[in-house]
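With the sequences and hints as input, model every part of the structure.
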Amino acid sequence: MTINSTDQKTEEGVTPAMERQDGKLEEEKVFKDPVHRYIHVRDELIWELIGTKEFQRLRRIRQLGTTFLTFHGAEHTRFNHSLGVYEVMRRMVENLEKKGAWDEEERLVCLASALLHDVGHGPFSHSFEKVFHMDHEKWTREIILGDTEINKVLRQMSPDVPVKVADVIAKTYDNKLLVSLISSQIDADRMDYLLRDAFYTGVSYGQFDMERILRVMRPEEDQAVFKHSGMHAVEDYIMSRYQMYWQVYFHPVTRSAEVILSKILHRARELLAENYPFKITPIHFKSMFNGEVTLKDYLKLDESIILYYFQAWEEEDDPILSDLCQRFMNRRLFKYVECNPSKQMLIWPELQQLFKKIGLNPDYYLVIDSSSDLPYDFYRPGEKDERLPIHLLMPDGRLRELSRESDVVEAISGKKRTDHKLYFPEDFLSDQTVFAEEKQKILSLLTNQEG
Amino acid sequence: MLNEHAKLLAFFKQTGEIVGRKKLQKMIYIAKKINLPFHEKYQFHMFGPYSEELTLRMEEMSQLEFISEVKEKKAGYQQYRYELAGKGEEFLGMTGYEFPEVTGVLQEMNGQSAKFLELVSTVLYFEELSKEDVTSKVFKLKAKQNYTEEDIDEAYAYIARLRESMNEGEV
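Those sequence lines, one after another, are chains Y and F. Our numbering puts the first sequence at residues 1 to 451. Our numbering puts the second sequence at residues 1 to 171.
No lab work stands behind these hints, which were simulated from the structure alone. Just so you know, not all the hints are guaranteed correct.
[As the list claims (entries may be wrong)] With a cut-off of at most 20 angstroms between alpha-carbon atoms, the simulated DMTMM-like pairs for lysine to aspartate or glutamate come out as follows: (1) K415/Y with D373/Y; (2) K73/F with E405/Y; (3) K171/Y with E53/F; (4) K441/Y with E338/Y; (5) K137/F with E221/Y.
Structure below.
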C-alpha cells in the first residue's frame, strides 16, 4: 500500500501510528531534485515528517531571503534545502554504515534532525532576528518539542525522540559524531546549501565533488575526518565556500535589500509603539513588536504575509515607511560606497546634519553594513579549543588540521575577510531641484571617502 | 554608527587585555546572559557557546586597528591577546556610546581561567534545566575537561554572585 500523507490525516490532522513493524514504507518514495537528482525516502517517519504542516510551511520561505533581487533564479526555498540536507545525510549514513553498524533509532534521529534542522526559520529570518533579537534555533526547538504535528510524528517512534532530535540540532547531543555530520565545518547542511545556492543563483563556481568527500569520510569519536588522499576534494569544497561568500552571500546589492528590509521593520515597530493609525492593522506583527510571540503566531508567518504588508504599507501616510516599502517591492535599492569606519567617523556628524537638513532621517537613510552583520562564515583553523577545525586522517593514523597540509587552504585562510559598506538613497541625492548645495556636499563627502 | 562594535570597544576599556579567543568568547556570552547589552548570536560548539559573529567582528576591529591583536606561539598552537587600541578609543569617544559601568564585574571575570569560564558559560547555556540535568550534561558533553561536582558548584556560586552584583549595582 502506498502511503499518502494527505489521505491519512485524522481529524486532529495527525497521521496514525506507523503501519509496518520495521518503520519502512512499502515502496520507496522519490523526489526529483536538480542538485542531487533524486531524494530517496524509505522510512515512514521521514515521509510523515515531510507531510506535517510545520514542514510544509518551509515551501513559503526562500532559502536565500532577499538574494532573489540580485540573482533572479534564487527562488528556492527552505523546503528544497531541508530535503537536500536529509538526502546528503542519508548518503553519509549509508557510507558510514559500511564502516560500522549504526543503531536503528540513532539512524532515524540523525535523518530526522537533518530534515528538521531549519524548521524554525521564519521569513527573511536574518533581518527579523537582527531587528527583534530572535533566534530561529529557539523556534526549531519549540516546534520539535511543542504541540505540533512534527512532535506527534516523532513521538510515535518513541517518547524521547523529540528531545533527541532537538538536542542534535542544538549540538548538545551526547553523540558528537552524529552532531558533527549536521553541523561542523564540513557538514550535510553546508554541502547542500553551497551546491544548491550555486545551482539556483546560476553562478558557475561553487561546485565540488560531494560524492568523493563522502567516500573519504571516516568516523572518529568527536567528528568525521577525511582521508588524506581525499584532500583535494575537501580543498575544492573550501574554495567553493570562499567563492560563494564573496560572489553570492556578501553581494552588495543583496545587502542593500537587507538593509531596506531591516529599516522597514524598525520603522513599523516604531510607528506601532507610537500608536500610529495603520490603514490595515498589522496583527501578524503585533506580538513580535511587543516581544510576546507565541509558537502559534510564529508559525503563521511566511513570506506571503510579510510581502502583503509591505505592499499595503506602500500606501501608508508615513513617508518613511511608504518609501522604504516601495523601494523593496519595486527594487529601487540604496546605492553604496566602500567605507572605512575609522575615516568615516570624522565626517559622520557632518553627514548626519546634512541629511537632517534635506529632510532625510539618517537613522533610515544612512546605514553602515558590516561583513559581521551577515550570517555566513569562512573556514578558519582558529585557536586551540575555539572551534573544531577540519581534520585530515594521515596515512600513519595521525590527525592533521587541513590548513597545515593544504597550501590552497592556508592561502585563503589568511586573507582579509571583512568589509563595511555605507548605503544611501542616491536617487534622492541626485535630484537636486531642492537643497542642491547640501546634496552636492553629501555626494562629495560620500564619493571622496571611497577614495 | 557601528553600535555593536562600539559596545565591544567599551567592554575592552573596562576589562583591560584579554588573553585567548576562547576566554573572550565565553566572557561576552556570560556578559550577555547577565543582561549586558550584547546581541551576538551564539551556538553551542564543542567548547561551549561560540559566536562566529563575534569572531568576525573582532577580525573587523583588528583590521581597523581599533583593537590590537597579538598572536603568540604556545606549545603547539597559536594564542591571541586583545586590547583596546588608541584608534579604537578615539572611535569610541566619537560614537558617544555609553556602556554600563561594570568594571569590577568584568575584571573579576577576566581574572578567571578560560576553562572555568567555559564551564560557567555551559551552565548558563543550560540554565533552564535543573542543576542535576545540567551536571549530567556537563559530564557528558565536557568529559575531556574532567570537571568535578565541586567545579560545578563553584560555577553556580559564581553566577549567583555575578547576578547579585548586577542587581545591586555593586560594580
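Evaluated hints:
Note on K415/Y and D373/Y: the hinted pairing holds, with a Cα-Cα distance of about 19 angstroms set against a maximum of 20 angstroms. Between K73/F and E405/Y the CA atoms are separated by roughly 19 angstroms; this keeps the pair inside 20 angstroms, and the hint holds. At most 20 angstroms may separate the alpha-carbon atoms for a hinted pair to count; K171/Y and E53/F meet this at roughly 18 angstroms. Between K441/Y and E338/Y, the direct Cα distance comes to roughly 18 angstroms. Compliance with the 20 angstroms bound is thereby established for this hinted pair.
For the suggested pair K137/F and E221/Y, the alpha carbons sit about 17 angstroms apart, so the restraint of at most 20 angstroms is met.
In this structure, none of the earlier numbered hints is contradicted; all agree with it.
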